[in-house]
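From just these sequences and the hints, can you work out the full model?
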Amino acid sequence: MLDRMQRLRRGALTGVGAAAAIVLLASCGATGPDNEQNSLHPAGSADHTIMNLFTPFFWIAVVIGVAVLAMTVFVALRFRAKPGDDREPVQVHGNTVLEISWTIVPALLLAIMAVPTVATIFSLAKIPTGPNVVHVHVDARQWFWQYEYTDKGTDFYTANELHIPVGQPIVLTLTSSNVIHSFWVPELAGKKDVVPGHPNTLTIEADKPGTYLGQCAQYCGISHANMRLRVIAQSKADYDTWVAQQQTQLSAAKVTQFTTQISNQWGCLSCHSVTNLASNIGVTIGPNLTHVGDREAFAGDIYPMTLTNLTKWVYDAPGRKPHGDLVGWMPDFSSRGMTMTQAQQIAKFLLCETATDPNSHPECR
Amino acid sequence: MTTVEDASALFQAPVKRSILDRPRATTGAWSWVTTVDHKKIAIMYGTTAMFFFLVGGIEALMLRIQLAQPNGTFLSAARYNEFFTMHGTTMIFLMGMPLAAAFGNYFIPLMIGARDVAFPRLNMFGFWVFLFGGIFLYSSFVLGGAPDGGWFGYAPLTSTPLSQGFLPGRGADFWAVGLIMLGIGSVATAINFIVTALNMRAPGMTMMKMPVFVWMMIVVAFLTLFAMPPLTAALIQVFMDRNFHTNFFNAAAGGDPLLYQNLFWIFGHPEVYILILPGMAMVSEILPVFSRKPLFGYSVVVFSGIAIGLLGWGVWAHHMFVSGIGPVAQAAFSLSTMLIAIPTGVKIFNWLATVWGGKVRLATPMLFALGFIAQFTIGGLSGVMNSIVPSDTQQNDTYFVVAHFHYVLFGGLVFAIFGAIYYWFPKISGKMLSEYMGKWNFWLMVVGFNLTFFPMHFLGFEGEPRRTYTYPSGMGWGTLNLMSTIGAFIIAVSVLVFLVNVIFTIRRGELAPEDPWDARTLEWLTSSPPPPYNFAEVPIVEARDEFWHRKYTEDDEGRLVKLAPSAASTIPARRDPNEPHHIHMPSPSYWPFVLALGLPIMGYGFVFKLYWLIGIGALITFFGLNALTTEPATEESH
Chain H
1 MLDRMQRLRR
11 GALTGVGAAA
21 AIVLLASCGA
31 TGPDNEQNSL
41 HPAGSADHTI
51 MNLFTPFFWI
61 AVVIGVAVLA
71 MTVFVALRFR
81 AKPGDDREPV
91 QVHGNTVLEI
101 SWTIVPALLL
111 AIMAVPTVAT
121 IFSLAKIPTG
131 PNVVHVHVDA
141 RQWFWQYEYT
151 DKGTDFYTAN
161 ELHIPVGQPI
171 VLTLTSSNVI
181 HSFWVPELAG
191 KKDVVPGHPN
201 TLTIEADKPG
211 TYLGQCAQYC
221 GISHANMRLR
231 VIAQSKADYD
241 TWVAQQQTQL
251 SAAKVTQFTT
261 QISNQWGCLS
271 CHSVTNLASN
281 IGVTIGPNLT
291 HVGDREAFAG
301 DIYPMTLTNL
311 TKWVYDAPGR
321 KPHGDLVGWM
331 PDFSSRGMTM
341 TQAQQIAKFL
351 LCETATDPNS
361 HPECR
Chain G
1 MTTVEDASAL
11 FQAPVKRSIL
21 DRPRATTGAW
31 SWVTTVDHKK
41 IAIMYGTTAM
51 FFFLVGGIEA
61 LMLRIQLAQP
71 NGTFLSAARY
81 NEFFTMHGTT
91 MIFLMGMPLA
101 AAFGNYFIPL
111 MIGARDVAFP
121 RLNMFGFWVF
131 LFGGIFLYSS
141 FVLGGAPDGG
151 WFGYAPLTST
161 PLSQGFLPGR
171 GADFWAVGLI
181 MLGIGSVATA
191 INFIVTALNM
201 RAPGMTMMKM
211 PVFVWMMIVV
221 AFLTLFAMPP
231 LTAALIQVFM
241 DRNFHTNFFN
251 AAAGGDPLLY
261 QNLFWIFGHP
271 EVYILILPGM
281 AMVSEILPVF
291 SRKPLFGYSV
301 VVFSGIAIGL
311 LGWGVWAHHM
321 FVSGIGPVAQ
331 AAFSLSTMLI
341 AIPTGVKIFN
351 WLATVWGGKV
361 RLATPMLFAL
371 GFIAQFTIGG
381 LSGVMNSIVP
391 SDTQQNDTYF
401 VVAHFHYVLF
411 GGLVFAIFGA
421 IYYWFPKISG
431 KMLSEYMGKW
441 NFWLMVVGFN
451 LTFFPMHFLG
461 FEGEPRRTYT
471 YPSGMGWGTL
481 NLMSTIGAFI
491 IAVSVLVFLV
501 NVIFTIRRGE
511 LAPEDPWDAR
521 TLEWLTSSPP
531 PPYNFAEVPI
541 VEARDEFWHR
551 KYTEDDEGRL
561 VKLAPSAAST
571 IPARRDPNEP
581 HHIHMPSPSY
591 WPFVLALGLP
601 IMGYGFVFKL
611 YWLIGIGALI
621 TFFGLNALTT
631 EPATEESH
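Residue numbers (the working numbering), protein chains in the order written: chain H, 1 to 365; chain G, 1 to 638.
Since the hints were made in silico from the structure, they are not lab data.
Please read all numbers here as calculations on a predicted model, not as lab measurements.
Backbone N, C-alpha and C fix where the C-beta goes; we use that ideal spot for every residue, glycine too.
Hints may contain errors.
Said to hold, decoys possible - Derived pair list, reagent style BS3-like, types lysine-lysine, alpha-carbon separation capped at 25 Å:
(1) H:Lys348 x H:Lys254
(2) G:Lys359 x G:Lys439
(3) G:Lys551 x H:Lys82
(4) H:Lys82 x G:Lys209
(5) H:Lys348 x H:Lys312
(6) G:Lys562 x H:Lys82
(7) G:Lys562 x G:Lys209
(8) H:Lys126 x H:Lys208
(9) H:Lys82 x G:Lys359
Unchecked claim - Covered by chain G, per the in silico footprint, the following chain H stretches (three or more residues, Cβ under 8 Å):
(10) 34 to 45
(11) 74 to 87
(12) 107 to 120
(13) 205 to 212
(14) 215 to 224
(15) 292 to 298
(16) 316 to 330
What follows is the structure, given as C-alpha cells:
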C-alpha cells in the first residue's frame, strides 16, 4: 500500500509529466508564427520537397525521443529502492540477443531513412534548364545583396529585393568577393552558402504571389544580423511590368541633377550608381540606386522605405547599422558637415525621383 | 626522487642547493606551483575549468538578456559578437576539455591502481599551458578587442588582414594564437593519458578489466592527439594570411575558403566526441553503482565508444552541407553521420538496461546521470535530423542547431560533469556534498536547461539564424526567446546553489564515509582523499569492478552475496600511523611552469608583432626546456 504522501507525490509527478507531454506535442504540432520566414510554411517547390521528407522523420524522432524519455523515467521509478527492502538485484552482465537487436533495428531504420534522403539530395541538386528559367546573379556584400538579372533582354541590377515570377524556376548564381554569406529564404528553399572563389547555385520557385523574407545565415561580421532580404513573387504579368520599370532609366536631367547637386558634394557616385543596365552600370560598391524608390525597404532590408528612415540613414548610416572598422563603408555624413535638411533633400530625391510611381509614397505627393 | 611528505623532512641534508635542485615544499601555495601529483594537478584543472564555466555562463546570460526581446539594446553588435565567440571558445576549450583532463588526471591512475601518471612533469606543463592560454585569450578584452569571428572562426572573415577591417580589433589574432597554445597543452595531456592507461595498470588489470571510464578516456586522448594538428595547421594559416600576406584562404589570389572548413571540421567533429565521450565515461561509472548492477554489455559499450571514435573521423563535412560540396559528398557524409547514430544508440540502450532490474538509489549523481540519458537522446535525435541533408539546409546555422548541440553538450556533458562532481567529491575532498542542495541543483538545472534550449528548436524552424545580435519585431520570435532567457537565469540559480553547496561542504560539510556509495572501482580502495602515493600496496586485480568483487560475490542465480570483510576489501584509514616511508614518488619541479610561461609571452609577441618579445618568450621556453631535461632526477640529499 502506498501511503498518502507517496500517492500525492506520484499523482503530482504524473500530472506534471502529462502536462509537459501535452505542451510538447502541441508545440510540435503547431507550425509557428506567420512571419514570412518560417520553414514550416512552405511556399515554394524546394521547401515542399524538404518538408515532405522532414515531416515523417520529425515524427519518428519525436516518437523515439518520447519512448526513451519515458523509459528513463520508468526504470528510475520502477526499480527505485524502497525503504526496508533488502533484496539484492540479479547481476545481469549483458544479453547478446538484446544487444544485437538494438544494434540492428536502428540500423534498419536508418537504412530506410537513407533512401529517400539520398534521392532528395540529388533531386534538389538538379539545375533546371529551359526557356522559362530565370537567371539571377546574386552577389553578397557586407551587408546587402546585389542582384543582376542576366537573362537575354533583362540585363539590369538591383539590390535586396528579388522580384520573381511565380511558377517559374529561378536559378541563382551565388558569389562573394569578401567573406562567406548564406542565401536563405526559408519558405522557398533551404539555404546555400555564398563562398568567395566558389560560385554556388540555388534554385528557388514560388507557388503563389507574395512576399517571402530571408536573411544571411552565415556569420559575416559585425552586421550579420542586418543582412536581410525579401523575395517578391508576382504573376507573370506583374513581373514583366516590374522588369520593364527596372529597365527604364532615369532621365538625363535627373542623372545630371543628382550628379551636380548631390554627388559632386558628397561623393555618392564613387560607390553607388544611378544607372542599372549592364551596359552602363557604373560602380557597384554600394547598392544600386537607380530605382531605390521602388523598394519596400533598404539598408540590407532592415528599414522600411520612408522619408524619415532614409533621411536618418543618409545623415548617419554607421549610427543606424554598425560597420565596425570596415574600410570603404558608407560614412557618417553628419560629421562631414551634412545638415539634416540636406540629408532630407537627398533622401527625397532618392525616394521620389527614382520611384516609378512617386505617388506610392505619401511623402512625395 | 624524493620520498613522501614526512620522509622528505627526515632526510633533509645540509647540501648546497643549486638553482636546478628540485623544490621541496609539499604544502602552501608554492607546492601547488611545483607539484607533480596528478591529484593536485587535477584539482587545479577542475577549479580553473569551473571558473571558466562561470565566465562562459555569464557571457551566455549577457547574450540571453540581449535577445530577450526584439531590437535589444543591452549589448552593442560588437560586444555581442565578442561574447558569443568567447562563450563558445570558453565552453569548449576552457571548460569542457580541461574538465575532462581534470577527471582523467584524478581517476585514470586511481582506477588502474597506479601511483601517478606516466609523465608527471608533462602533466604539470599541460595545466600551466591551459591556464596561461585562458588568461591570454581573456586578456584580449583589455588589449584591443576580444575574438569576434565565432568559435569556428571561418576564413576569410578571420584571415583577412586587419587593415581591411572585416573584424574590428586584434581578436582574431588572439583567437588563433590562443587556440594554438591550448592545443599544445591538450596534446601533452593526451599523450600522458594514453601512456599511463596503456602502461601503468596494476597487475592483473587487462584491457577488458579496465573501468569504462578509462577506456573512454583513452579514446578521447587518441582523438585529441590526432585532431589538434589539423586545427593548428588551419590556425597558423589564418595567422599567416592575416599578418604576413599569405593567401591560403584568399580566393582573389587563388586561395580556398573551403580548405579552412575542411581543416577546421576534421578537427571540429572529433572535437565533439572529445567533449561528449568523457560525459559518457562518467555516466557509465555512475549508473552501475547506483543501480547495484554491473554495466550491461561492458564490451559492447567499450566497442561502441571506440566505434564512435573511429567513425568520428568520417563525418566532418556534415558541417558543410550548405557550403556547396555537391550532392555526392552530401550523400556520403549524410550516410556516415547516420551510421554514427548506431553505436550512440547502443550505448543509450545499454545504460537503460543497466538500470533495469537494479536497486536504484536516486541520489544526486544518479539523477544527473539519468538526466544525461534523456537529454542526450534528444540531442542525438536532432543530430540525426541534421544528417538528413535537405532538412539540414533549413536547420543549418539556425537556432535549431544551437538547441541540438546544447542538448548534447549541456544536457549531456554538463549534466554528466555535475553528476561526476557529486559522485567523486567525497573521494577528492573527504566530505559529502549536501544531497538536499544537490537535488535543488538538479531539478533547477533540468527545468532551466529545457526551458532555455527546447524553444530554440522551434525558433530555428521559424527562421531565426544563429549569431545575430538582434531580430526585428514582427517575426514572432519574442515569446520563445523570452522563455529561453528566463530558463538561462534558472540555470544560473541552479549553478549558484551548486557553488553554495561546494563552499558550505568544504567549510563545514560532514566527513564522508570511506565508501559512501558502495562503489565498484579501485579509486575507492584507498582513503579519501587518497595519500600522495595513492595505494600503500599496489592492488592485484582479478576482476572487472575489482573493488566490488572484494566486497560481493554472486550466488548461482546471479544474486549478490556480501562477503565477510577481509584485508583485501579494507580501506586504509585516513591517516595511517604506519604510513609507508619508502614509496618513491616523482619530485616536484619548477620547470613545467617556466616552460609554459614562455608560450604566452611569445604569443603576445606574435599578436602585436613585437619580435623582441617573441625572442624573450622563446628564451624562457628554451631555458625551461633545458632545465626540465637536465634537472637531477634524484635528490642528492639521500
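Consistency of the hints with the structure:
no. : hint                : result
1   : H:Lys348 x H:Lys254 : holds, 13 Å
2   : G:Lys359 x G:Lys439 : holds, 19 Å
3   : G:Lys551 x H:Lys82  : holds, 22 Å
4   : H:Lys82 x G:Lys209  : violated, 32 Å
5   : H:Lys348 x H:Lys312 : holds, 12 Å
6   : G:Lys562 x H:Lys82  : holds, 19 Å
7   : G:Lys562 x G:Lys209 : holds, 21 Å
8   : H:Lys126 x H:Lys208 : holds, 22 Å
9   : H:Lys82 x G:Lys359  : holds, 9 Å
10  : 34 to 45            : holds (count 6)
11  : 74 to 87            : holds (count 7)
12  : 107 to 120          : holds (count 7)
13  : 205 to 212          : violated (count 0)
14  : 215 to 224          : holds (count 10)
15  : 292 to 298          : violated (count 0)
16  : 316 to 330          : holds (count 5)
Checked against the numbered hints given earlier, the structure breaks hints 4, 13, 15 and satisfies all the rest.
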